[in-house]
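Going down the list, the protein sequences come from chains A and B. Here the first sequence stands for residues 87 to 405, numbered as in my numbering. Here the second sequence stands for residues 87 to 405, numbered as in my numbering.
In case anyone wonders, no lab produced these hints; they're calculated from the structure. No residue lacks a Cβ here, since even glycine has one placed at the ideal position from N, Cα and C. Careful, some of the hints might be misleading.
[What the hints assert, rightly or not] Not close to chain B: a few residues of chain A, all C-beta gaps over 10 Å, as computed:
id, residue
1, D100
2, D111
3, S137
4, Y148
5, D207
6, G370
[As the list claims (entries may be wrong)] Straight-line distance between alpha carbons at most 27 Å, and here's what the computed DSS-like set of lysine-lysine pairs gives:
id, chain 1, residue 1, chain 2, residue 2
7, A, K279, B, K398
8, B, K246, A, K228
9, A, K246, B, K217
10, A, K281, B, K398
11, A, K279, B, K274
12, B, K279, A, K274
13, B, K281, A, K281
14, A, K274, B, K246
15, A, K281, B, K246
16, A, K398, B, K274
17, B, K398, B, K366
18, B, K281, A, K350
19, B, K246, A, K220
20, A, K279, B, K246
21, A, K281, B, K279
22, B, K228, B, K274
23, B, K246, A, K217
24, A, K279, B, K279
25, A, K246, B, K274
26, A, K246, B, K228
27, B, K279, A, K350
28, B, K281, A, K246
29, A, K274, B, K398
30, A, K196, A, K108
31, A, K246, B, K220
32, A, K279, B, K350
33, B, K350, B, K279
34, A, K398, B, K281
35, B, K279, A, K398
36, B, K281, A, K279
37, B, K398, B, K350
38, B, K279, A, K246
39, B, K274, A, K274
40, A, K220, A, K130
2 protein chains.
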Amino acid sequence: MTFSEINRIFEENDNFTILTHKSPDGDTLGCGFALCEFLRRMGKKANVLNSEGFPDRYNFIYEGYYEQQFEEKYVIAVDIADTILLGHNLERYAKEGAIDLCIDHHISNKHYAKQTYVDPDASAAALIMYKIFKESGRQITKHIAESLYTGIATDTGCFKYENTTPEAHRISAELMELGIDFTTINRKMFDVKSKARLRIEQSVARHMEYYFDDRCSLIVLTKEMMEEAGVEASEFEGLASIPLSVEGVLIGITIKQRHENVYKISVRTTEAVDASAFCKNFGGGGHIRAAGCEIHAPLAEVRSMLLMQADKELNGTKE
Amino acid sequence: MTFSEINRIFEENDNFTILTHKSPDGDTLGCGFALCEFLRRMGKKANVLNSEGFPDRYNFIYEGYYEQQFEEKYVIAVDIADTILLGHNLERYAKEGAIDLCIDHHISNKHYAKQTYVDPDASAAALIMYKIFKESGRQITKHIAESLYTGIATDTGCFKYENTTPEAHRISAELMELGIDFTTINRKMFDVKSKARLRIEQSVARHMEYYFDDRCSLIVLTKEMMEEAGVEASEFEGLASIPLSVEGVLIGITIKQRHENVYKISVRTTEAVDASAFCKNFGGGGHIRAAGCEIHAPLAEVRSMLLMQADKELNGTKE
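Okay, chain A solo, but in the shape it has when bound:
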């Protein structure tokens, strides 16, 4: 599909439903609401749906949004690789033929829609969306630009992650020229934490264990700890990056309890160690710097299995 074909679809259809993925992030929401505004400004009717509703922290993206009444005629999925990611409340769209168009950047895209535009080289789906809008020649408003910038910034960890491309920078430059308030967006997305999250991070850092001359660090999150904190499970996400954030650490391990004697392991590494190979020893896998596995055993055993493997890996490397 070309961008002009996609723009023709926008022109020739009406009454759009835009689907975003469950546990919504900045990219799916940024694309969803940017597209919704773009279509409405064309005189079309359009709504954005999410299985769980829209999280507070993205309120600047959906500020001013209201649901329109219409009989749905065309369904577009944005940033959704697989219908399983629609979530419980949008399951009705998981059936064959329910989704007309999918715009995505995941290499794992399942091509479940009638038509699919997928660019796995795009750092974020928002980059594809921007290029579609730009091709149309129509106005890209400040709000559309802020929504798309949010998608790019969150999916690239503010231009830090490996998936950041020169294009992500160049399109961000163009979005900045549309007057976006990127400082406020970045503060909200990257610098602000809830009090609960701050407390959890403190506790995690305080209980961090160090091994092998501080080249390996390890944290344990038990069900008890998570229940005691008395906060939403989402507050416990992304903690796996903490063990590797300590200077000199080459392997950072996070052990998270799922059930009695069932532990989910996240392994993060620097250049010196292959996280994916590490986790394969325990039936898991992933990327070279971030991988995972699940181990069924008591905690003490889980810890010692992981440390033995870490010792082996570290003996094959030099600082």
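Knowing the structure of chain A, use the given hints to seat chain B on it.
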């Protein structure tokens, strides 16, 4: 001055000393070592000097660097607004006429050098340096590109700060196309902390005080706390951003003890409050979101003076 005039200076001179500012950061070092390599590849002799030596965390910038022996004939200052920033060990260059050329991006530049190129709109001096190198048509090596990228990334807080420009993004895109390992650079610059720093941040967060429905947060760093930690003073820098990192906080205050009854105050605010106006009440000043002052009084009094002012400011704002 034009970029081609600067390149002519590089061609027509030799035996260069490149000066970087004290308490060196990624921009001054990135520019310094990039320029040094650029000149040496032209067949020139060049050294980089710093008053205090080069910090460990930037070792990837000066890896492979060695001092050359020569009689200094031309002196260039990079990213140095004022000769006072040369530091104790480079004081000999503070005298009139000692520095031939200054390349800088600070609006406050004192024009102390015989010739000065200053662009206050540049997010980092590294952007100016890149444009000079590019104008020359000479090769920009991967190492030069990594040094310059470090300058841009550190001076813009990885593209988060207000000073980030579209040009900063565009030039970063060009640097990425030279094959730089931006993932490792960003990890080193933004994600890695010493064990001591992690411990200090925990302690600070644990002792954070909240006031006025959590719209104001406050931390106190006493001399005792800093001595007890038994680490370099530099480990205590940049903590002032922590109080404002909590969701809902509009005013974040850091009280740092200098001496008995002498406290240095840092105030950080969101859009709702003017930090500079806040600090003017105590004889200080600064920017609209980050300002400071010094108060001579016992701690309890300092705290209550600041809280009374915060209360006043918050009553003039709405969440």
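Comparing the hints with the structure gives:
no.	hint	in the structure
1	D100	36 Å, holds
2	D111	18 Å, holds
3	S137	24 Å, holds
4	Y148	18 Å, holds
5	D207	14 Å, holds
6	G370	22 Å, holds
7	A/K279 x B/K398	25 Å, holds
8	B/K246 x A/K228	18 Å, holds
9	A/K246 x B/K217	23 Å, holds
10	A/K281 x B/K398	24 Å, holds
11	A/K279 x B/K274	22 Å, holds
12	B/K279 x A/K274	22 Å, holds
13	B/K281 x A/K281	22 Å, holds
14	A/K274 x B/K246	11 Å, holds
15	A/K281 x B/K246	22 Å, holds
16	A/K398 x B/K274	25 Å, holds
17	B/K398 x B/K366	14 Å, holds
18	B/K281 x A/K350	25 Å, holds
19	B/K246 x A/K220	25 Å, holds
20	A/K279 x B/K246	16 Å, holds
21	A/K281 x B/K279	21 Å, holds
22	B/K228 x B/K274	17 Å, holds
23	B/K246 x A/K217	23 Å, holds
24	A/K279 x B/K279	19 Å, holds
25	A/K246 x B/K274	11 Å, holds
26	A/K246 x B/K228	18 Å, holds
27	B/K279 x A/K350	25 Å, holds
28	B/K281 x A/K246	22 Å, holds
29	A/K274 x B/K398	25 Å, holds
30	A/K196 x A/K108	16 Å, holds
31	A/K246 x B/K220	25 Å, holds
32	A/K279 x B/K350	25 Å, holds
33	B/K350 x B/K279	24 Å, holds
34	A/K398 x B/K281	24 Å, holds
35	B/K279 x A/K398	25 Å, holds
36	B/K281 x A/K279	21 Å, holds
37	B/K398 x B/K350	21 Å, holds
38	B/K279 x A/K246	16 Å, holds
39	B/K274 x A/K274	23 Å, holds
40	A/K220 x A/K130	18 Å, holds
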